[in-house]
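Q: Going by the numbering used here, the letters in the sequence shown line up with residues 2 to 355, in that order.
Rather than coming from a laboratory, the hints here were simulated on the basis of the structure.
In this text, all values refer to a predicted model and were calculated from it rather than measured experimentally.
Even glycine gets a Cβ: it sits at the ideal position worked out from N, Cα and C.
Any given hint could turn out to be false.
[As the list claims (entries may be wrong)] List of simulated lysine to any residue pairs, SDA-like, C-alpha gap at most 20 Å:
{"#": "1", "residue 1": "Lys106", "residue 2": "Ser221"}
{"#": "2", "residue 1": "Lys248", "residue 2": "Thr315"}
{"#": "3", "residue 1": "Lys106", "residue 2": "Thr183"}
{"#": "4", "residue 1": "Lys305", "residue 2": "Gly324"}
{"#": "5", "residue 1": "Lys106", "residue 2": "Lys248"}
[Stated by the list, open to error] Between beta-carbon pairs, the in silico distance windows are:
{"#": "6", "residue 1": "Leu302", "residue 2": "Ala213", "range": "26 to 36 Å"}
{"#": "7", "residue 1": "Trp195", "residue 2": "Pro95", "range": "37 to 47 Å"}
{"#": "8", "residue 1": "Pro343", "residue 2": "His168", "range": "37 to 47 Å"}
{"#": "9", "residue 1": "Phe159", "residue 2": "Leu302", "range": "54 to 64 Å"}
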Amino acid sequence: MSATYAVSFPVIIRSVFGMYGSFPAICIRAFVAMMWAAILTVQASNFLQRCLEAIWPRFITFPNHLPESTGIDSAGLLCLFLYWFLQTALALMPISKLRILFWIKGIVVPPTGGPLIKGKVEITSTYMNTAYSALTGLNAVVGLFSSLAVNMPDFGRFSKNQLAGYHQFLALPIIGTLGALTPIFVTDAHSYIWGEFEWYMPTVIAKFDSRAAKFFVSASFLLATIGNQIAADTYPFANDVAGMLPKYINIFRATIIISVFCIVSTPWNIIKNASGLLSFLSGYSCLMGPLAGTMVSDFYLVKKGKLDVDQLYTDRGIYWYNGGWNWRAYVSFVVGFAPLLPGFAKSIDNALIT
Numbered sequence: 002m003s004a005t006y007a008v009s010f011p012v013i014i015r016s017v018f019g020m021y022g023s024f025p026a027i028c029i030r031a032f033v034a035m036m037w038a039a040i041l042t043v044q045a046s047n048f049l050q051r052c053l054e055a056i057w058p059r060f061i062t063f064p065n066h067l068p069e070s071t072g073i074d075s076a077g078l079l080c081l082f083l084y085w086f087l088q089t090a091l092a093l094m095p096i097s098k099l100r101i102l103f104w105i106k107g108i109v110v111p112p113t114g115g116p117l118i119k120g121k122v123e124i125t126s127t128y129m130n131t132a133y134s135a136l137t138g139l140n141a142v143v144g145l146f147s148s149l150a151v152n153m154p155d156f157g158r159f160s161k162n163q164l165a166g167y168h169q170f171l172a173l174p175i176i177g178t179l180g181a182l183t184p185i186f187v188t189d190a191h192s193y194i195w196g197e198f199e200w201y202m203p204t205v206i207a208k209f210d211s212r213a214a215k216f217f218v219s220a221s222f223l224l225a226t227i228g229n230q231i232a233a234d235t236y237p238f239a240n241d242v243a244g245m246l247p248k249y250i251n252i253f254r255a256t257i258i259i260s261v262f263c264i265v266s267t268p269w270n271i272i273k274n275a276s277g278l279l280s281f282l283s284g285y286s287c288l289m290g291p292l293a294g295t296m297v298s299d300f301y302l303v304k305k306g307k308l309d310v311d312q313l314y315t316d317r318g319i320y321w322y323n324g325g326w327n328w329r330a331y332v333s334f335v336v337g338f339a340p341l342l343p344g345f346a347k348s349i350d351n352a353l354i355t
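Kindly produce the complete structure, drawing on both the sequences and the hints.
A: See below:
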């Protein structure tokens, strides 16, 4: 879609839900992107803290001058601001100039697993547990691809030709599978080496005895998080806000907004106290999947792969539908989302579904 018509997600989605009907769909993506950007800021600052501890071991005992009620110590807050300045500077650069960043990320990050991805564990499972695990894994992969499908127009519009995205038919399944398996391998290896399960990588890295290993692994994960935050959160959010309020906000201003939010929202408190919100964000594929499915089905099945780009920017044009809303698209979205709602609600709060 985007490679053919060179338009971003907030513009394409108008053809699906209508000129005004696109706003809720855009807000769904913008909210998730905004919250994850804040959370990843904390995670990346923890990687930066591991890097500094590897270079200067005395940084581990950095004096804390903040009360416990703040939810963060002085060392963590210092690293948070250091990373925030770095991430904001990169996010404000034109996206076309960040290609080298993603090239470096693609080369440096994959080999970082090293000896962490080894070890063994015996797994016993009943048929139902196996089936449930298989469906859970399938949902995780679907969630990954639905998020990519929704974000891809923001980058695909810069393609040099219409065939630029077809190689991803082969690349994305491999990347998606490895992305789902690698955390499992690392956690299994952590259990094999240290005798306990740990999912949070900064905590895993803190246990390394080698300062060199601690630095290079932390630096590579820091690079990966920067790329992920810009590509999956900051830039999509900027596109969404600029798409809804183009008269007042452009990409640059929207990037400033989300960057400021990453600090004023005190994301370290979100991680520690808002378990329900984190569960909601982790289950966002329940929303993104139906959204991506509705968008793709409408483009290929209903519109036969054809859009009138001029009408996407025209008030009361062919994509105006009924008062700016396409109720049929929302029916399709609800049909896709409704069967997932009970499990989604239970993941947020077990008391909601008994």
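Q: Which numbered hints does this structure break?
A: Of the numbered hints, 4, 5, 6, 9 do not hold.
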